[in-house]
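A.B. asks: Once you've looked at the hints, dock chains B, C and D against the given chain A.
Those sequence lines, one after another, are chains A, B, C and D. According to the working numbering, the stretch in the first sequence is residues 1 to 144, in order. According to the working numbering, the stretch in the second sequence is residues 1001 to 1144, in order. According to the working numbering, the stretch in the third sequence is residues 2001 to 2144, in order. According to the working numbering, the stretch in the fourth sequence is residues 3001 to 3144, in order.
Wrong hints could be hidden among the right ones.
To be verified - Derived DSSO-like pairs: lysine-lysine, alpha-carbon spacing no greater than 27 Å straight-line:
1. A/K107 / C/K2075
2. A/K107 / A/K75
3. A/K125 / A/K103
4. C/K2075 / C/K2107
5. C/K2103 / B/K1125
6. B/K1103 / C/K2125
7. C/K2103 / C/K2075
8. A/K75 / C/K2107
9. A/K125 / D/K3103
10. D/K3107 / A/K125
Source of the hints: derived by calculation from the structure; they are not laboratory data.
Number of protein chains: 4
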Amino acid sequence: MSANVFERVQASFAQQQFMTTLGAMLVSVTPGTVEIAVPFRADLSQQNGFLHAGVITSILDSACGYAALSVASEKFNVLSVEFKVNLLSPAVGERFVARSQVKRAGKVLTVVAADAFAIRGTEEKLIATMLATIITTNATAPDS
Amino acid sequence: MSANVFERVQASFAQQQFMTTLGAMLVSVTPGTVEIAVPFRADLSQQNGFLHAGVITSILDSACGYAALSVASEKFNVLSVEFKVNLLSPAVGERFVARSQVKRAGKVLTVVAADAFAIRGTEEKLIATMLATIITTNATAPDS
Amino acid sequence: MSANVFERVQASFAQQQFMTTLGAMLVSVTPGTVEIAVPFRADLSQQNGFLHAGVITSILDSACGYAALSVASEKFNVLSVEFKVNLLSPAVGERFVARSQVKRAGKVLTVVAADAFAIRGTEEKLIATMLATIITTNATAPDS
Amino acid sequence: MSANVFERVQASFAQQQFMTTLGAMLVSVTPGTVEIAVPFRADLSQQNGFLHAGVITSILDSACGYAALSVASEKFNVLSVEFKVNLLSPAVGERFVARSQVKRAGKVLTVVAADAFAIRGTEEKLIATMLATIITTNATAPDS
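Just chain A, same shape as in the assembly:
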């Protein structure tokens, strides 16, 4: 079950060229949860040398979308309708992970929450949190 879910998500993740550009990796998938990681790179930073909020948001967004996909029927696609992010602490670390969890899966809309953590050595620090709405569709464009 869970293996199939991982393969399905992995197949789509591999097609997200932007995830490759960021150096992001799909770490784990279970029905309703996804973890994505990205190591720090200077070319992903903002003006103070921290990871840019856009990078954290990108892995949070992908983690939310794939959590929705992990509970959707096989023939369906998912697209982000909207999300909100709170940036809680500067993104300082060697590596960053986004962990998502479905809050409610509906026929049309799925709501997903996700947290992002900065990792330094063995220490993890919560740095951001997202609340997202995902549409499950058999089309490739949102709301078409």
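C.D. replies: Same frame as chain A, now just chains B, C and D:
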């Protein structure tokens, strides 16, 4: 006046290595408004070949932060507290622009709205909209 | 056209008992825009004597939902999927108005922006802004 | 400790006349968490007879603000900067509760998550979720 504002924002923008990685360009700055553009590149795409929502969000976020900076006192820094994005249409185009406008500038917090457009030939289409809260601080880390 | 739209919205508004409880009034409706007003009452206040954010949010939410209804096909119902509110200034005034405008109307989802103003004498002050996602449905429950 | 926190929050809650108007009750307070309940009343409903989203949002907002107050220093006041709500299911029930939990408490800004549940008999159903930013201040107006 406006020239100084452009220079101040440009100086910070040039230090955002992630903007360079995305190929993003600072197009214009006036007190309270900023425009940032990014041309399409396949390595910035999601699984359907559209620009990844994370890229659109990144230029919207930078456009909001710099709009807040453009109305802040010179010695201050800005950091994103939170933002919400609605993705309205698939990001299909040759080039994408984010245009921000300050809604309310406060001593501590500034609220900024921004729209993103996809450009194909001479046609512009609204594809996303952001509402963001920015903190103005003389520190380099949020809420420290 | 516009008259029909007003009547359709008015018919639903009159059934929202909570709007009556708040003393809220439907001021105007055009295709894509709605204005709702509420006079100040002490029993709607928070601990500092300002209008409670929940009241401002309630009229903003209704204004967004009805703006979506004003551009929907006649047999359809609308329900709020989610919204975000920024509270910009304390809600101090004799009367408060929420003005909404559709940003994008889709077959399933409509995105609406709205601003709330406090009115004192002839002066209007922007006090809050909302960005909302509304679902257009022929059912009475969201995403059922 | 917790008793003092309850009293401090209760004192402010009692001054929120709008909570009385809604029939809302402060159920519990611990450092970082708050629960507020409101029984169903027809005069709080929307056009389909469900509790209006504005009522659910109002108790979620108060629960988030008071969770921030519960971890703030005694002389401080709290004000909502912004919040986002996802409405997950129709608000059908005999009674509704909002439960908040601080995600990060900062010197200036505190981020709080909250869920709302509809209660019918012994059954609880998740109907809404909020993510909120609260400012801790010694003033009575936001960002003054």
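A.B. asks: Hey, C/K2103 versus C/K2075, does the alpha-carbon distance stay inside 27 Å?
C.D. replies: Given pair C/K2103, C/K2075 holds - Cα atoms ~22 Å apart, limit 27 Å.
A.B. asks: Within a Cα-Cα threshold of 27 Å, do A/K107 and A/K75 meet the stated pairing?
C.D. replies: holds (13 Å)
A.B. asks: Regarding the pair A/K75 and C/K2107, is the alpha-carbon distance no greater than 27 Å?
C.D. replies: holds (21 Å)
A.B. asks: Take a quick look at whether A/K125 and D/K3103 sit within 27 Å of each other, Cα to Cα.
C.D. replies: holds (12 Å)
A.B. asks: Within a Cα-Cα threshold of 27 Å, do C/K2075 and C/K2107 meet the stated pairing?
C.D. replies: holds (13 Å)
A.B. asks: For a C-alpha distance cap of 27 Å, please report whether C/K2103 and B/K1125 respect it.
C.D. replies: Holds, at about 12 Å.
A.B. asks: Verify the proposed pairing of D/K3107 with A/K125, using a straight-line Cα cut of 27 Å.
C.D. replies: Roughly 17 Å between the alpha carbons, so the hint for D/K3107 and A/K125 holds.
A.B. asks: Given the hint that A/K107 pairs with C/K2075, does the C-alpha gap stay at or below 27 Å?
C.D. replies: holds (21 Å)
A.B. asks: Does A/K103 sit within 27 Å of A/K125, going by the straight-line distance between their CA atoms?
C.D. replies: holds (22 Å)
A.B. asks: Is B/K1103 close enough to C/K2125, meaning Cα to Cα at most 27 Å?
C.D. replies: Distance ~12 Å between B/K1103 and C/K2125 Cα, so the pair holds.
Checked against the numbered hints given earlier, this structure breaks none of them.
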